[in-house]
Amino acid sequence: MSLWPFVSQMNPDASTIAAGAPIEVDLTPIASGQDIKVFWRGKPIYIMNRTKKQVEEARSVPVASLPDPATDQSRVKEGHDQWLVVIGICTHLGCIPIAHEGNYDGFFCPCHGSQYDSSGRIRQGPAPANLPVPPYQFVSDSKIQIG
Amino acid sequence: MSGPSEYQPTNPALRWIERRLPILGLMHSSFVAYPTPRNLNYWWTFGAILSLMLGVQILTGVILAMHYTPEATMAFKSVEDIVRDVNYGWLLRNMHASGASMFFLAVYIHMFRGLYYGSYKEPREVLWILGVIIYLLMMATGFMGYVLPWGQMSFWGATVITNLFSAFPYVGDSIVTLLWGGYSVGNPTLNRFFSLHYLLPFVIAGVVVLHIWALHVAGQNNPTGVEAKTEKDTVAFTPYATIKDLFGVSCFLIFYAWFIFYMPNYLGDADNYIPANPGVTPAHIVPEWYYLAFYAMLRSIPNKLAGVVVMFSSILLLLFLPWLDTAKTRSSKYRPLAKQFFWMFVVVCVLLGYLGAQPPEGIYVIAGRILTFCYFAYFLILLPLLSRIEKPRPVPNSIADDVLAKQAGKAATLASAVIALAVAGTVFVGSVQSARAEEQETPPSQKWSFAGPFGKYDRGSLQRGLKVYKEVCSACHSLNYIAFRNLADSGGPGYSTAQAAALAAEYKVKDGPNDQGEMFERPGRPADYFPAPFPNEQAARAANGGAAPPDLSLITKARSYERGFPWFIFDFFTQFQEQGPNYVSGILQGFEDKVPAGVTIPDGAYYNKYFPGHAIKMPKPLSDGQVTFDDGSPATVAQYAHDVTTFLMWTADPHLEDRKRLGMQAFVFLIIFAGLMYFTKKKVWADAH
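So the sequence lines, in the order shown, correspond to chains X and Y.
To convert, note that position 112 of the first sequence is 111 in numbering that gives the first Met the number 0; the numbers rise steadily by one, no gaps.
To convert, note that position 374 of the second sequence is 373 in numbering that gives the first Met the number 0; the numbers rise steadily by one, no gaps.
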């Protein structure tokens with residue numbers, strides 16, 4: 000239809016798409032229990048080096064009881080279980096949750112009180128979904144590529 | 000108005016035009032000879048007030064657009080440049096920002112008038128629908144306008160509201176990406192919001208023309224709801240309605256002027272004086288007051304999509320009002336049940352607005368759900384029910400009869416309604432104030448020379464404050480919006496241009512490239528700005544334990560705290576706006592070596608009584624004797640704090656003295672003008688009542 004150019008121009012333009020190209024992040028400076036925040040495509044991404052305790056807590060939760068059921072294993076890369084990479088945007092209305100806060104040693108969103116666990120899954124509050132996992136892969140044991 | 004008018008101008012030149020384009024006849028028949036009911040009360044002046052406000056917003060908006068830059072890295076500064084450097088820029092900006100609030104206040108009164116008097120009923124259904132369309136366009140325009148300064152609240156408000164569209168299944172995320180023009184709110188979003196914000200008011204103007212046309216076809220409603228039958232029921236629009244509108248407008252302008260000149264930030268959010276930061280979410284994201292009721296409804300529903308649907312429905316519902324309320328009696332004046340429920344509905348709306356500013360916890364959530372239900376129940380259950388079961392009182396035979404009857408009780412109900420609204424309104428506005436600050440210990444209120452309608456900056460204090468900034472604060476904090484020339488501006492520290500130039504020359508400033516292509520250093524000039532201590536934010540963070548020291552130019556406007564009940568009511572009348580200076584001064588003096596029991600301060604942070612969370616990364620910056628003043632003022636922390644805060648109030652609001660002086664002149668003029676309009680109105684109407 001001839002109207003399409005007028006609609007299509009609203010979508011991200013070429014330079015925006017290019018600026019959103021994949022980035023590499025070095026994991027070596029992140030100690031166990033620590034996390035960093037990087038920006039990709041204008042979104043904040045938490046990279047968390049989880050402690051054994053956090054991983055165990057995440058895996059001992061009965062999946063069916065979760066508001067947005069998902070296993071911890073499905074949200075991390077095999078062989079790199081301590082690394083959690085999630086987009087730090089609350090699935091409720093878009094605020095940035097704070098890491099290492101809340102009752103589940105995960106994330107707490109100060110805007111309306113949503114709480115996520117150490118796997119970034121929604122546990123309580125108005126957010127409907129888990130913190131999304133961006134596309135990423137391990138290029139080596141200490142480096143990931145996001146995007 | 001029916002058919003072409005028979006108006007013929009006397010002037011031959013005008014007759015020439017009239018024959019070719021009968022615009023003069025149109026103006027005459029629409030606004031001079033037009034028969035208007037003689038019993039209209041002052042609630043009917045809001046149409047004229049709204050037309051005025053649309054004109055004011057378009058005029059000030061187009062002018063602001065000549066100076067504003069709609070680009071993410073430049074927008075915030077361009078607004079500050081308007082306020083600081085553009086001639087009367089501060090006035091234009093205040094008119095436009097306060098004007099938006101006044102525009103919405105007037106439209107809500109106008110809409111409530113329509114609800115009460117049944118102005119949406121046959122044959123005015125299309126008139127009403129056009130009005131709802133105007134209201135929707137206003138909401139879109141206001142939302143986009145607020146994003147343009149690109150402050151924290153601009154950015155995060157845009158993020159939250161655009162994210163709403165992700166609630167729609169399947170297409171939601173695509174819609175949001177389309178709206179953003181990127182993967183998050185960013186520069187493409189800002190640019191298109193500017194384009195549409197410029198466009199929509201003209202679309203509104205077009206719909207307003209249709210709205211007035213539809214009005215003139217049906218004729219205006221009136222407080223009895225009985226249509227005009229004979230000439231005895233009406234008077235000519237000019238001079239009767241014109242002068243009454245002018246008087247109403249002049250009173251409204253006084254209220255408007257209070258905000259422009261004396262309380263420009265009362266209805267705003269301190270966080271919007273912080274440049275947008277996609278990595279930091281403000282503790283409380285609150286929309287402007289005119290959206291709060293809908294925000295409350297959105298947050299009341301635990302399901303994301305349902306919340307969005309409920310919020311949009313609450314406005315779209317209004318389109319169906321003529322078919323929900325089918326009662327034959329138009330005016331609630333003669334509908335005793337409908338009248339009571341109407342006022343309860345008004346209170347529901349105001350309370351919803353109050354809730355929209357509160358954190359969504361505990362009792363607020365429950366109250367929000369109950370009130371959202373009440374809102375919908377009023378339209379969907381109550382009004383249709385009343386149409387069937389209510390027994391209305393008999394309406395007058397005609398407008399003329401109503402005017403002659405002169406009911407004594409009329410004035411009392413109007414007055415009580417105004418009082419009820421005023422009380423509810425102030426509670427509501429105060430709640431907006433309270434949501435804006437965090438839970439924290441309130442810093443003590445100090446005496447500031449710049450407070451109140453006659454406030455001025457103490458020159459000596461400004462000069463001492465500059466010395467404190469230079470010798471203490473400038474090591475870590477930039478002052479990016481102040482140029483050396485500003486030190487010689489009127490209403491400032493009062494240096495001469497020579498002194499300002501000498502001060503500038505003390506600094507080394509980077510310039511270039513020269514003809515060899517190299518950057519070089521040269522002495523500062525008056526046009527240069529105070530240099531920042533760090534070349535970029537990362538360097539600032541690295542030198543300060545990970546926390547970047549904020550720029551201080553706007554700090555006294557970018558910080559606030561809750562004043563609580565009943566202070567926020569008094570504040571409006573006493574012009575109290577000194578939360579920022581009290582906070583800054585409090586922080587500077589609030590360091591304590593002994594940390595109270597139960598409070599843990601992490602390594603690298605320090606205990607401060609007034610800093611939210613009490614752990615501040617800045618070590619105590621001031622100690623006695625640190626700075627010596629040439630004028631012999633005490634070399635104490637309290638003195639330093641007071642002086643540097645006064646200086647920082649000037650850096651944030653350099654035109655304060657101009658603003659208050661012009662405000663006084665404006666008020667004198669407006670009060671005299673309103674008085675003249677009042678007496679003229681009384682004279683014109685003497686024979687009509």
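It is worth saying that the hints were derived from the structure and are not from the lab.
This structure is a prediction, so every number in the text was calculated from the model and none was measured.
Note that the Cβ used here is the ideal one computed from N, Cα and C, for glycine as well.
Treat the hints with care, as some may be off.
[To be verified] Chain X side only, calculated, beta carbon under 10 Å to chain Y, not exhaustive:
1) W3
2) P4
3) V6
4) S7
5) G32
6) K36
7) Y103
8) C108
9) H111
10) A126
[To be verified] Which bits of chain X does chain Y cover? Going by a derived footprint, with three or more residues having C-beta under 8 Å, they are:
11) 57 to 65
12) 88 to 96
13) 130 to 139
[What the hints assert, rightly or not] List time: in silico DSSO-like cross-link candidates among lysine-lysine, alpha-carbon distance up to 27 Å:
14) K455(Y) - K36(X)
15) K42(X) - K231(Y)
16) K682(Y) - K231(Y)
Establish whether the coverage given for the segment 57 to 65 of chain X by chain Y is satisfied; the threshold is a Cβ-Cβ distance below 8 Å, and no fewer than three residues must meet it. n = 0 at 8 Å, threshold three: violated.
Holds or violated: K682(Y) with K231(Y), Cα cutoff 27 Å? holds, 19 Å
Closer than 8 Å Cβ to Cβ for three or more residues is the test here. Does the segment 88 to 96 of chain X pass it with chain Y? holds (count 5)
Hey, K455(Y) versus K36(X), does the alpha-carbon distance stay inside 27 Å? violated, 46 Å
Identify whether the interface hint at K36(X) stands, where standing means a beta carbon of chain Y within less than 10 Å of its own. Result: holds, 7 Å to nearest chain Y Cβ.
Chain Y contact restraint on P4(X) - CB to CB distance below 10 Å: violated, 14 Å
Status of the S7(X) interface restraint (C-beta, 10 Å, chain Y): Status holds, d = 9 Å.
With a cut-off of 10 Å, does the beta carbon of C108(X) approach a beta carbon of chain Y closely enough for the hint to hold? holds, 8 Å
A closest beta-carbon separation below 10 Å is what the hint needs, so does A126(X) meet it against chain Y? With Cβ-Cβ at 8 Å, under 10 Å, it holds.
Interface hint status, Y103(X) versus chain Y (Cβ within 10 Å): Because about 19 Å separates Y103(X) from the closest Cβ in chain Y, which is outside the 10 Å limit, the hint is violated.
Per-residue hint verdict: V6(X), partner chain Y, C-beta under 10 Å: Where the cut-off is 10 Å and the nearest Cβ of chain Y is about 8 Å from V6(X), the hint holds.
Measuring from the C-beta of H111(X) to each C-beta in chain Y, is the shortest one below 10 Å? holds, 5 Å
Of the numbered hints listed earlier, those contradicted by the structure are 1, 2, 5, 7, 11, 13, 14 and 15.
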